[in-house]
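Novice: Protein sequences, first through last, are from chains H and A.
Using my numbering, the letters of the first sequence correspond one by one to residues 1 to 102.
Using my numbering, the letters of the second sequence correspond one by one to residues 103 to 544.
Be a bit skeptical, because a hint or two may be false.
Facing chain A, from chain H, some residues (calculated, C-beta under 10 Å) [as the list claims (entries may be wrong)]: (1) Ser8; (2) Ala19; (3) Pro57; (4) Met83.
Over 10 Å on every C-beta distance to chain A, these chain H residues come out as not near it, computed from the model [to be verified]: (5) Asp25; (6) Gly28; (7) Thr38; (8) Thr47; (9) Gly48; (10) Gly49; (11) Val59; (12) Lys60.
Note that these hints are calculated values from the structure, not bench results.
For glycine and all other residues, C-beta sits at the position ideal for the given N, C-alpha and C.
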Amino acid sequence: MKVLMVCSGGMSSAIVVKAIKQEADKQGFPLEIKAVGTGEFEEELKTGGYDLAIVAPQVKHRMDVFKEQASSANVPIELIVPMGYTPIGAPKVLEQIKKHVK
Amino acid sequence: MEKFLQWIEAKFMPPMAKLAEQRHLRAIRDGIISTLSLIIVGSFFIIVAQPPVKAWSDAIAPNAGKILIPFRLTTGLMALYAAYGMGYSLAKSYKLDGVSGGVLSLAAFLLLTIPVNVDAVLTAAQKAGVKGAAPIGGWVLPMANLGGAGMFGAILAMIFAVETLRLLKKYHVTIKMPEQVPESVARSFEALIPAAVIIVVVWFIRVWLNFDIQKFLMDVFKPIQNVAGNSIWGVIVPIFLITLLWAAGIHGVSVIGSILRPFWLVALEQNAQAAAAGTASTQLPNLVPEQFFQWFVWIGGSGATLALCILMVFSKSEYLKRVGRFSIVPGIFNINEPIIFGVPIVMNPILSIPFIIAPLVTGIVSYIASAAGLVGRFTVLAPWTLPAPFGAYAATNGSWAAAILTIVNIGIALVIYYPFFKMYEKKMLAEEHAAANNQLSM
Chain H
1 MKVLMVCSGG
11 MSSAIVVKAI
21 KQEADKQGFP
31 LEIKAVGTGE
41 FEEELKTGGY
51 DLAIVAPQVK
61 HRMDVFKEQA
71 SSANVPIELI
81 VPMGYTPIGA
91 PKVLEQIKKH
101 VK
Chain A
103 MEKFLQWIEA
113 KFMPPMAKLA
123 EQRHLRAIRD
133 GIISTLSLII
143 VGSFFIIVAQ
153 PPVKAWSDAI
163 APNAGKILIP
173 FRLTTGLMAL
183 YAAYGMGYSL
193 AKSYKLDGVS
203 GGVLSLAAFL
213 LLTIPVNVDA
223 VLTAAQKAGV
233 KGAAPIGGWV
243 LPMANLGGAG
253 MFGAILAMIF
263 AVETLRLLKK
273 YHVTIKMPEQ
283 VPESVARSFE
293 ALIPAAVIIV
303 VVWFIRVWLN
313 FDIQKFLMDV
323 FKPIQNVAGN
333 SIWGVIVPIF
343 LITLLWAAGI
353 HGVSVIGSIL
363 RPFWLVALEQ
373 NAQAAAAGTA
383 STQLPNLVPE
393 QFFQWFVWIG
403 GSGATLALCI
413 LMVFSKSEYL
423 KRVGRFSIVP
433 GIFNINEPII
443 FGVPIVMNPI
453 LSIPFIIAPL
463 VTGIVSYIAS
473 AAGLVGRFTV
483 LAPWTLPAPF
493 GAYAATNGSW
503 AAAILTIVNI
513 GIALVIYYPF
523 FKMYEKKMLA
533 EEHAAANNQL
543 SM
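Bound conformation, chain H alone:
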């Protein structure tokens, strides 16, 4: 499964992404996940062939814009639960991701 995470600058999400990837490996769940800042989101979504986009909680005020960009790229999108956005919250986010497995 290929997932794109967006946060403000792509910095904090890099930390979370690493933890989610580790958690997925631990559970034997095939996952490819990448983090970008808000500026690169639309372009990456269009060209990357993603199955799901997830949004960091601190940029939830831009959710409408992300939703529009995701729907034009035909990718489902979900907001990460606040407590999931930490290294130890990775299992929670992975659960959110797994819900979208087709």
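Starting from the known structure of chain H, fit chain A onto it as the hints suggest.
Specialist: Relative to chain H, chain A alone:
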């Protein structure tokens, strides 16, 4: 406090977020962000031209002019780059061609400045024996209004250009070619009318009415500029709003910065120009560009959370200790989402109080220190992920006092966070204890 936080999330945050997401403000923000890499690199040439050690700066002095050229052509032209970037973003947001929007904005912006031919003056100077004077054989564009001073002009030119493009397209004001004409040719004619309208209108206003839009805008925005870039209110209000938004879980700098960043950048550019002209670091015109917050206040990230991180690493609560441990390294590099969402600080009635108070206090202390000339003022846009003392040192072009002030501010934040941290720790310990007992009895 809990009620207050709920009120913020329900009532205060939505309109602020909506404002920051307003189409034109978003275009301004994204366009300006696209220029930051140039400004970061360009402003570092000031450090090279004026190194903090006197012996070096004396050695470099004869070549300082050459070293400053990259600075002059990046930071010194920031409005020029921003005009393109903002026009591109705004056009994109209307699903128009981004490059057309960018180019038309750039043209509208450049038309605000009248080129001059200085050959006659230079020839006269040459005849009078001025060293280095020689005619350059052509027209020159004065750069003064292409940098920070032109930022508001760039914003207005960009909005005018892209809105003209959009409206003309919307109402089909285009040159209709006969059907036999190939489509690509027809489309190139389509872009002609917007370009003609934009050029003629701006040219008429600027040249024939002789209305200096740049100067007018600078005069209009001067009072706001002075408050935002130079006053104690320019410190207190943004800190308060940004930490409030973060306490509700929203990236405060991303919201408030959208509105204030043009002012902060103009303030920084004025400082950089003054520094390039040889003004001492403690005498620079503006106290509060964005770097003031970045290096003196947001130590460890918004809310000055590095202090909290330190307290948590030594916590008796297993959970807080764990969060502290994985947050401390990102915290040193000013990334604090792990701590904000881990502790969490978001919607936390106890810890959101020092999260707001500590930056306010360190902000006010730093403003006083800066106004008194105890620490250097900011000229350089240093990457925000530098640890605070290094960032402050680099961004003030080598003020040791500024680096020391960051350490003092961490100490102040420690003191302010401590009682609230203890209160929260007690609560967490009680919960952990209860959980452990539950497990035992099971």
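Novice: Is it correct that the beta-carbon of valine 59 of chain H has no partner in chain A closer than or equal to 10 Å?
Specialist: Since the minimum Cβ distance to chain A is about 6 Å, valine 59 of chain H lies within 10 Å and the statement is violated.
Novice: Any CB of chain A closer than 10 Å to the CB of alanine 19 of chain H?
Specialist: holds (9 Å)
Novice: Beyond 10 Å from chain A, beta-carbon-wise, is aspartate 25 of chain H?
Specialist: holds (18 Å)
Novice: Was glycine 48 of chain H rightly flagged as not at the interface, with every chain A Cβ beyond 10 Å?
Specialist: holds (19 Å)
Novice: For the hint on methionine 83 of chain H, does the least C-beta distance to chain A fall short of 10 Å?
Specialist: Holds: closest Cβ of chain A sits about 6 Å from methionine 83 of chain H, inside 10 Å.
Novice: Is the interface hint for proline 57 of chain H satisfied, with its Cβ closer than 10 Å to some Cβ of chain A?
Specialist: holds (6 Å)
Novice: The output says lysine 60 of chain H does not contact chain A. Does that hold with a beta carbon cutoff of 10 Å?
Specialist: Its Cβ does come within 10 Å of chain A, the nearest being 7 Å, so this is violated.
Novice: Checking the smallest CB distance to chain A, is threonine 38 of chain H really beyond 10 Å?
Specialist: violated (8 Å)
Novice: Once the closest CB in chain A is found, is it more than 10 Å from threonine 47 of chain H?
Specialist: holds (16 Å)
Novice: Have a go at the serine 8 of chain H hint: is there a Cβ in chain A nearer than 10 Å to its own Cβ?
Specialist: holds (5 Å)
Novice: Would you assess whether glycine 28 of chain H, listed as outside the interface, keeps its beta-carbon beyond 10 Å of every beta-carbon in chain A?
Specialist: holds (24 Å)
Novice: Against chain A, does glycine 49 of chain H keep a CB gap of more than 10 Å to every residue?
Specialist: holds (22 Å)
Going down the numbered hints, you'll see the structure goes against 7, 11 and 12, while the others check out.
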